[in-house]
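Knowing the structure of chain A, use the given hints to seat chains B and C on it.
Chains as they are written, first to last, in numbering that gives the first Met the number 0: chain A, 0 to 418; chain B, 0 to 380; chain C, 0 to 252.
Rather than coming from a laboratory, the hints here were simulated on the basis of the structure. By construction, the Cβ of each residue, glycine as well, lies at the ideal position given by its N, Cα and C atoms. Treat each hint with caution, since some may be false.
Stated by the list, open to error - Chain A side only, calculated, beta carbon under 8 Å to chain C, not exhaustive:
hint, residue
1, ARG45
2, SER145
3, THR258
4, PHE370
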Amino acid sequence: MGWMPPSLRVTGSPRKALSNRQAGQGGAIVRNMTVISGRPARRVDRVAAFGAVVALAGCLLVPFAEFRANRIVSGAPEPLSSAGTAGWLLLALAVAAFGLSVAFRPAWRGRGILILGAGLVALMPWALGFAAVSLLIGAGSPARVSIGSGAWLVMLGGAIIWFAGARGLGRSRLKPVLAVAVIGLWVSSAVFGGVPELSLAREYAVQSTRFWGLVREHLMLSGLGLAFGTLIGVPLGALASRNNLVRSATLSVVGVIQTVPSLALLGLLVFPLAAVGLPGIGTLPATIALTLYALLPIVRNTYVGLAGVDEGALDAGRGMGMSKAQLLLRVEAPLALPLVLEGVRAAAVLVIGIAAVTAFVGAGGLGILVFQGWGQQADDLTLLGALPMVALALFADLAIRGVASVAVSPGIRQEEVAR
Amino acid sequence: MIRLDNVVKRYGDTTAVDGVSFEVPTGEVCVLIGPSGCGKTTTLRMINRLIEPSGGTIEVDGRDIMSARPEELRRHIGYVIQSVGLFPHLTVADNIATVPRLLGWKDERIKPRIGELLELVGLDPDEYAGKYPRQLSGGEAQRIGVARALAADPPVLLMDEPFGAVDPLNRGHLQGEFARIQRELKKTVIFVTHDVDEAIRLADRIALMRDGRLQQYDTPEALLDHPANKFVHDFMGADRALKRLGRVLVGDAMRTDIEVARILDAGDIDRDACGDARFVYLVDGNGLLRGWVDCHDLDEGRSIDDAVTEIDWREASVAPDISLKDALSTMIGLGFRSIPVTESGTLVGSITLSSIEATMTSSDSHITQLSGETLSSEEPS
Amino acid sequence: MSAPAHMSSRGWWPTALVILGGFAFAWLIMQQDLWASVLGQLFPGARSPVYPVPLVDLTLQHLALVGISSGLTILVGIPLGIWVTRASGRDFRDIVAAGVDFGQTFPPIAVLAIMMPILGFGLRPAVVALFLYGLFPVVSNTVAGLEAVPEALKDAARGMGMKRLQILGRVELPLAARIIMAGVRTSVIVNIGTATVAAAVGAGGLGDPIIGGIQVQNLAYVLEGALVAALLAILADMTLARAEELVTPRGLG
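The shape of chain A in the complex, shown without the other chains:
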């Protein structure tokens, strides 16, 4: 009755007008998306192809292994063919990976590349073992066969191909299965394959009792440095976040220490220690130096972590009646934890590396093997020190990342960047 015309202006159906507008927006979005993902899908898996080229170069261009009459003399290059069937298998895998990544595109290409890469990595120690066994036939007992640059390249190429395959697959049950298989093949090559005949293994057999003692020493030195660094660094970082004076003083001092070459710092530490009657050589200066180096990443990350806590969360916490201690414990500490742990991780990796240098001042550790190896020009001894050092650093890295993935609240966890 009292009806007004609903519209004096709208002609036609408003729905039609609206849907037109939405279509317009939809079109714009689609256009944007083509800009973002504008690359056409590549026919060639260039990463896998690159890995295959690296592996092929390792197979064909450089010596796969080296034969030496004894431990010290430099080696004679030995080609892939010295590994016999296993060597040809490696070559076949590399060629297949190249073909699959460049020429063919079957539906199972991603899986194929993944398997070929893992296969190259898994077979490498077997091939080296076979090479060692066959080359040592008839040679005298001091003769040794060591890993050639070709074997390293095959490993590297295999790892790249593996990575390329894994990246293209997304979530797949094949990945963990392959990882376990590769580990299994590596371990079994040490038991059933010729790996114990390799010069590195022979060196280990000679040094085995001393070796584990040095590993323990290395771990102890790094552990002490990291522990003291954390115990001092975290409170220092927390203080720095409260007080500008402490912050600028601490960060610059710790920064300068970090700059000084580790060997120079160890050399310089001798004098103040001697002045107060303490030994300038051995575990004490090593621990002091490692602690000092561990400080920078820990202090800086603690500071940045605490300083970066959202002002709104702090205001809300205070406004709800948290005391300073409650605010620190319940809000600031958990929010800064990811960065603090990242600092501890970086410090651990750093300290494991620098612990090697402390061997110069008589503190022991795996550095001893490296430096003795250099002194005697015995490459195997050097590698026996260096490779476990790398393993320790990688293990510490993984272990602390693992701790972080459990200890950090899922609400603030950084999503794992696609690897």
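Below, chains B and C alone, put in the same frame as chain A:
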């Protein structure tokens, strides 16, 4: 009840808050408003002693705030801020449980309380309790912020521009939700904003500040109709009649005795519904608004397709819990002289330009406040 | 155009200070006789208080080692970092990022040690090892710096009609310069430190007197080498810190 008596805050030589006195009766919403730097936020933060007053006294429910430890005081005052400040490392449930835990509540008391509060702010407890703040939208986060502030059932609530960072559409919804919750809980609220419309919509009383001094403290109507000085007059704005519409809800002003045509099963509509009207709304069997019918076209024997205009209720209708001002704005935007009122799509009434006009010219006594009882404004036919 | 606070970090005097420090350092390492007399007084028991090779030569050896390897690092690392953030190299972005991440957990000495069997003794493996190890922070920071440039800015540049190279040169690189330079700084400082250890494989440099001194139990050698190596590293750090500020566009202060 909150009472401020000659409260002063000085920073060195500058005086941020200068002799402010007012009293907020229990269960009322006092909105502190003024240009930026006027001291409104400082005043608010002195009440829970996030800022210590330099002079004067503040009483909350008859107790001087200086008589207790600040932490103790704050645990009994709800606090909501613009940046929400949810703890990102805690779930929604743990965020809400913060103050109850500080107060030492037992878990068996906290758990049901969380569900209760989530329902109060209109979120499904099963869905939201386990979420982390980063999984929430801005509007959802602020609802949780309000729930967290209410967790230990504090008699007093301090809100510092709580809806300032939310987009305008969501802000309207949140204001409506807040008004509903406040009707239910009757807290004593001090609410800081710089948005005059928000103040008019939500306040029982407005305290308008400038340069640290209180300019006027009264009901929104009084500030609109009897400004104490030119500053108040200018700050409240020239469109005072329009602003007053901000205090009337669509649901209170709409006509409910409207004619509708139904869609019949046969794909036809009941043509008899037209009667004398030129236009009637069209609803389906479930009462959902589908469009309108031009009765004139039907009378002239045109086809139903020609006579019916389809509309989408999401775009071309208003909800009963928004203000008349917002409804008017929607109508102008669409070019409508009359707009249907729907609740989740169901047609419940309509608002016409003439009914709005009537509200604007009617005397103050006819205007309902948000927190008051419903009063329908009859449209002269 | 800039605020006073801006001026202080931008002014000429920090640069002058760095240059002055450079001259002071150069003067210091040329005073072979001064070192001999001071160290002689500090260590009266030492047979010869200064290392037989003059400090200038040791320092120059050290600088050459670091200069060549870091130079190569920059020449390869920055273009590599740029390439993997372009359309043509994006396929390799993930593997490069993962490899760089992985490489940075390697102890620098281990890299040196692993190079040895492959490349033999002396300067060559040292240069290659320092080059490789130095690559990690440079590539990692180049990628991070370029990826930190807001998409909106690149979009605006595209919208104004800039070509890809112009966007890179005028928008992306200037904005990423500070982060890239920070990577170069980290890389060079680590290299200076690792280069001291490289003395043990016959690469020479300031590590020689330290290692030699420890071996023949002559603490005067140790002090000489350690002091100069530390000063060199600190000076280099100051210089590169200054460079970091200078490559930062003014607006980003």
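A quick look at each hint next to the structure:
The interface hint given for ARG45 (chain A) holds, since its Cβ lies 5 Å from the closest Cβ of chain C, which is under the 8 Å cut-off. Interface hint at SER145 (chain A): satisfied, since its Cβ lies 7 Å from the closest Cβ of chain C, which is below the 8 Å cut-off. The interface hint given for THR258 (chain A) holds, since its Cβ lies 5 Å from the closest Cβ of chain C, which is under the 8 Å cut-off. For the restraint placing PHE370 (chain A) at the interface with chain C, the shortest Cβ-Cβ distance is roughly 6 Å, inside the 8 Å limit, so the hint holds.
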